[in-house]
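The listed protein sequences correspond, in order, to chains A and B.
Sequential numbering from 1 applies to the first sequence in my numbering.
Sequential numbering from 1 applies to the second sequence in my numbering.
Honestly, the hints are just simulated from the structure, not real lab data.
Don't take every hint at face value.
Simulated DEER-style distance windows between Cβ atoms [what the hints assert, rightly or not]:
(1) Ile96(A) <-> Leu333(B): 31 to 41 angstroms
(2) His112(B) <-> Pro140(A): 50 to 60 angstroms
(3) Glu39(B) <-> Val92(A): 55 to 65 angstroms
Residues on chain B that point at chain A, a partial pick, calculated with CB under 8 angstroms [as the list claims (entries may be wrong)]:
(4) Ser135
(5) Ser253
(6) Pro290
(7) Leu338
(8) Leu346
Nothing here was measured: the structure is a model prediction, and the numbers come from that model.
Glycine is no exception: its CB is placed at the ideal position from the N, C-alpha and C atoms.
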Amino acid sequence: MGVLPLSPPHAPEAGRTGLRPIAGGVFAGQESRGTGLRTVRRLRLRLAGILVLRACLRFLFAWIMVWAGVVVALRAVLLVERGVLLWGLLGVAVAIVAGAFQGLRRLPSAAVLRASLDGHGALGGLLMTAGDLDIGAWSPRIERVPIPRLQWRSRRPWLLLASSVLFLGAAFLLPDRYLPVVERGLQLGSEVQKLSEQLQVLTQEQIVPPDKAEVLERDLQRASQEALARDPAKLLESIDHLEQSFGKAAAEAAEKAIQQAEFSGGAQALAEALQKAQSQMDAQQLSEAMKALGQMVDQAAAESRSLAEGLSEELLAACRQGNLSEAQLRELSEALRHCQACERGKLARLVEARLVDVAELGRCDQAGQSDQAALIDALGECKDSQQLAELLHACQGPGRGGISRGRGDAAMTWSQGVEAEDAAFKEKVLPPGAVASLKESRLAGISTADPRREQPGDGSSGGVLGTAQAGGGEARTQTILPEHGQTVRRYFERGHK
Amino acid sequence: MTTQTLQPSLLSPEELAAAGELAKRILSQLDRVLLGRSELHRMVLAGILSRGHILLEGLPGVGKTAMIKALGQILNVQFRRVQFTPDLMPSDILGTHMLRDTAGGVREMTFHHGPVFTNILLADEINRASPKTQSALLEAMQERSVTLLGHTRMLPEPFFVLASQNPIELEGTYPLPEAQLDRFLFKLNVSDVSVDVLEDIISTRRRGEPPVPDQPLSAEELSRLFGVMERMYLPRAVARYISRLVAASHPGSAEATAEVSGYVSYGASPRAAIAMAEAARAYALLAGRPSVGFEDVRAVAAAVMNHRLILNYKARLDQVNEVAIVQGLLDALDEAGLNLPADVQLARTEKENRA
Numbered sequence: 001m002g003v004l005p006l007s008p009p010h011a012p013e014a015g016r017t018g019l020r021p022i023a024g025g026v027f028a029g030q031e032s033r034g035t036g037l038r039t040v041r042r043l044r045l046r047l048a049g050i051l052v053l054r055a056c057l058r059f060l061f062a063w064i065m066v067w068a069g070v071v072v073a074l075r076a077v078l079l080v081e082r083g084v085l086l087w088g089l090l091g092v093a094v095a096i097v098a099g100a101f102q103g104l105r106r107l108p109s110a111a112v113l114r115a116s117l118d119g120h121g122a123l124g125g126l127l128m129t130a131g132d133l134d135i136g137a138w139s140p141r142i143e144r145v146p147i148p149r150l151q152w153r154s155r156r157p158w159l160l161l162a163s164s165v166l167f168l169g170a171a172f173l174l175p176d177r178y179l180p181v182v183e184r185g186l187q188l189g190s191e192v193q194k195l196s197e198q199l200q201v202l203t204q205e206q207i208v209p210p211d212k213a214e215v216l217e218r219d220l221q222r223a224s225q226e227a228l229a230r231d232p233a234k235l236l237e238s239i240d241h242l243e244q245s246f247g248k249a250a251a252e253a254a255e256k257a258i259q260q261a262e263f264s265g266g267a268q269a270l271a272e273a274l275q276k277a278q279s280q281m282d283a284q285q286l287s288e289a290m291k292a293l294g295q296m297v298d299q300a301a302a303e304s305r306s307l308a309e310g311l312s313e314e315l316l317a318a319c320r321q322g323n324l325s326e327a328q329l330r331e332l333s334e335a336l337r338h339c340q341a342c343e344r345g346k347l348a349r350l351v352e353a354r355l356v357d358v359a360e361l362g363r364c365d366q367a368g369q370s371d372q373a374a375l376i377d378a379l380g381e382c383k384d385s386q387q388l389a390e391l392l393h394a395c396q397g398p399g400r401g402g403i404s405r406g407r408g409d410a411a412m413t414w415s416q417g418v419e420a421e422d423a424a425f426k427e428k429v430l431p432p433g434a435v436a437s438l439k440e441s442r443l444a445g446i447s448t449a450d451p452r453r454e455q456p457g458d459g460s461s462g463g464v465l466g467t468a469q470a471g472g473g474e475a476r477t478q479t480i481l482p483e484h485g486q487t488v489r490r491y492f493e494r495g496h497k
Numbered sequence: 001m002t003t004q005t006l007q008p009s010l011l012s013p014e015e016l017a018a019a020g021e022l023a024k025r026i027l028s029q030l031d032r033v034l035l036g037r038s039e040l041h042r043m044v045l046a047g048i049l050s051r052g053h054i055l056l057e058g059l060p061g062v063g064k065t066a067m068i069k070a071l072g073q074i075l076n077v078q079f080r081r082v083q084f085t086p087d088l089m090p091s092d093i094l095g096t097h098m099l100r101d102t103a104g105g106v107r108e109m110t111f112h113h114g115p116v117f118t119n120i121l122l123a124d125e126i127n128r129a130s131p132k133t134q135s136a137l138l139e140a141m142q143e144r145s146v147t148l149l150g151h152t153r154m155l156p157e158p159f160f161v162l163a164s165q166n167p168i169e170l171e172g173t174y175p176l177p178e179a180q181l182d183r184f185l186f187k188l189n190v191s192d193v194s195v196d197v198l199e200d201i202i203s204t205r206r207r208g209e210p211p212v213p214d215q216p217l218s219a220e221e222l223s224r225l226f227g228v229m230e231r232m233y234l235p236r237a238v239a240r241y242i243s244r245l246v247a248a249s250h251p252g253s254a255e256a257t258a259e260v261s262g263y264v265s266y267g268a269s270p271r272a273a274i275a276m277a278e279a280a281r282a283y284a285l286l287a288g289r290p291s292v293g294f295e296d297v298r299a300v301a302a303a304v305m306n307h308r309l310i311l312n313y314k315a316r317l318d319q320v321n322e323v324a325i326v327q328g329l330l331d332a333l334d335e336a337g338l339n340l341p342a343d344v345q346l347a348r349t350e351k352e353n354r355a
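Using the sequences and the hints given, assemble the complete structure.
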C-alpha cells in the first residue's frame, strides 16, 4: 500500500470558506430565511415586554419609596401641603421611561436569542445558520421551532411595588396630628433684636446701669437661642416682661427729660428776661430775682449732668449771690438752652428706639415755652417783693407735686385732661379658664394639625390627663404652636388697652 | 454591470447524505473490528476528519493498536507503527542521511526516510521515549514536515499521529511535555469493555483475531469526505461559545467557575479553541447536519480540553480530574450567552421535556 497523494478538497478557497458566488448580491431563498426567524421575533417581543416590565417595577418601587419618604419628611418638617407633593407623579413617568430604557438595554440581540432557541430546540445550528445565510433545502427542519416558556419570578417585585404604594398612600393620607413634628424654636429673632437695640439705647442714655444691661443682654440672647415651643406662654411672658420694664424705664426717663427741659426752659426764659429788664428793676429786686434764678439753676444742675458740666464755678457762685453781670446772664442763658437741647436729643433717641411715644417729643418741645415780652413787662411792673416772689414762683413752672414726687403741699397744676384709661391702675384679672389652663397645662404633643377646641363636658381621651374633666375649670389639653406666638402675645396684651 | 458577491452556502442534503454514508461505512467497519467501542470510534473518526492527532490512553490489551491498524486499512492509507522505547533516537523516527555508492561510482549522502513518512503513524507507548525523541515529533505534528540538515521534507497528506500511552507502570517513562500534548487534538480514554462485549469477543473470534475490513475507502472517497468537512458551517454564536469555554478554563477569567479558579493552574490554549471548532464540525458531519450546533461542542469539549488543562496539587489532593472540570464548565456556561437576569429564564416546554 503506497502513500496516497490526497489532493485538497475541490475548489480549495471556496471550499474552505464555504462561499458561493451569487450574481447581483441578491439573497437566494429569502423566503426560507424567514421561517424560524418569525419565532425569534415573537420570543424577543415577549422577552422585551418582561424585561421592560421588570425594570419598570424596580424603578417604580425605588421612586415610590423615595417619594413617600420625601412626603413624610416634607409634611413633618416643612409643613408642605399635600397638593404640592403630588408633583412626585412626574417621577413615576420618569421611572417608567428609565425602566423601559434599562429593560430594552438588557434585551438580548436577535442573534443571541436565535442561538438560544437553537440550543433549546436542539436544532444543530440550523436556526443560527438561517440568520446568516440561505439554508435552502434545510429550511423544513426549522419550520416549527417550539418557543420555550419564559419564566419570570414576578411575585417579589409585585409585592415590593404594592408595599411601596401602600407606604405612599399612608404618607399622603396620614392625618397631620399623627405626623412627627420636628421641634423648632420660637421665631423670636425680631423681638430679641428690637429689645437688644432698646437696651443699647437705655444703656447709652445711662437709664440702665451697664452691669445690669450686660445681664439682660445675656438673658435675651439665651432666650433667642434656646427658645423651644414647649412652653411658649412662659417664654413670651418673660419677653413681654422685659419689654414692659424697658418701656417703663424709658417712660420715666422721658418724663424726667421733659421736666428737665421744662425747668431749664423756665430758667432760661427768666435769665433772658432779667438780661433785658435789668434797667427797669431796682437793685434789690434784681438781686432777689437773680437769687431765685440761682436756686432754679442749682436745682436744674443737680438733675442734669450736661448743665452742671456747662456751668463754671464762678458763674454758679455769682448765681447764688444774686450778682450776675449781663455777660454772665448771657452765658447762663446759653448753658440752659444747651441743656434743653440735650434733653430733647435724649428723648428723640428714646422715640427712635420705639421706647416712648413720639408725642412725648412734642411735649418736650413745648416744655418751658413762655411769653418773653410779658415776663419782661411783669418784672418791670413789680412794685414790691411780694409781687416779685409770686412772679418768680410762677416762672418755676407748674406744680411740682405728684403722686411720686414733690412735697405734699406742693401746688399741682392740672393743665391737661386725664383720660380714664391712663389712670386705670386696677389690675385686671384674666378669665381663669384661659390663663390658668395655658399656664398649668402640660404639653401633650406638638402637631401641624389645626388646634382642636374641646367642647365643655368632653372628657380627656388619654395620657396624663386621662382622668381630667374638661370644662370644669380643670386643665385642658391645648397645643401651642410656634405660629400661635402672636395670638398668645395679643392675649396677654389685651389688658393694657 | 453585474457585481459578484461571495455568498456562503450550506451543503445540500444530498451532498451531506453521501458523506454520511461514507462515515457510516467507516464506523460500521470499525465497530465490526472492535466490539463495544462505538463512541470511541466516533470520536476517533471525528479526530481524523478534523486532521488532528489523537492520544489514546488505556491499559494494555484494550484494543488501541488493533483499532488504529483497522483504521489504516479502512481508510486505505499507509500505516506504520513505532514502538517507543527509552533508547529510541529521533533518527529512528524521522530518518537519517547515509553515505551510499551511486550507480556512477560516486559516493553521496542519501536520505533514508524514517517511519514518520506515512499517513498514519502509530506511536505506541509514546511516553516511554526520551523527551529528545518525543520532541522530534513536534515539527512533524504541527507543520507536517521534517527538517534535517537544513532540508525540509513534507510529509504525505493526510498525516496523523495516533499515539498511545499506558496510565500504569509509570517507572521509566517520560510524561509528554505540554507543548507536545497541546498538539494532540484529542486525548481519548480507552476503557474496559463490558462483560457482554467480552463474551461476544470470545465467542465470535478465534484467538481474538479481529476480522479484516473488507470495504476500504478509495482515495477519491476519502478526498470527498475531507471536502465535505471543509464546507461544514460554524455559526458565529457557536464560535463564541467555544471561545467563552476556552477563556473560562483560565483561572481568574470573567466566566471561570469555582472549580476552575480552585483547581486549574493554566487553562487551555487558543489551539484548543481551534481544535474544538474543527472537532465540532466533524461531529456535526457524523450527526448528519450541515452546521455546527452547541451539542457538537459539548460532545467534543472534554476530549479536546482534558489534556490541555494543567491542574494544581489541590486538585490531585481532592481527586478532581480534568473531565469533571470541563463538565462543570459546560454546565455553568449559558450556550448562547443570553445574560438574562437571575429571575428570568427560558425554560423548556413540557413537550420538549417529553421529547
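Hints and how they fare:
no. : hint                                        : verdict
1   : Ile96(A) <-> Leu333(B): 31 to 41 angstroms  : 34 angstroms, holds
2   : His112(B) <-> Pro140(A): 50 to 60 angstroms : 58 angstroms, holds
3   : Glu39(B) <-> Val92(A): 55 to 65 angstroms   : 60 angstroms, holds
4   : Ser135                                      : 24 angstroms, violated
5   : Ser253                                      : 20 angstroms, violated
6   : Pro290                                      : 6 angstroms, holds
7   : Leu338                                      : 5 angstroms, holds
8   : Leu346                                      : 4 angstroms, holds
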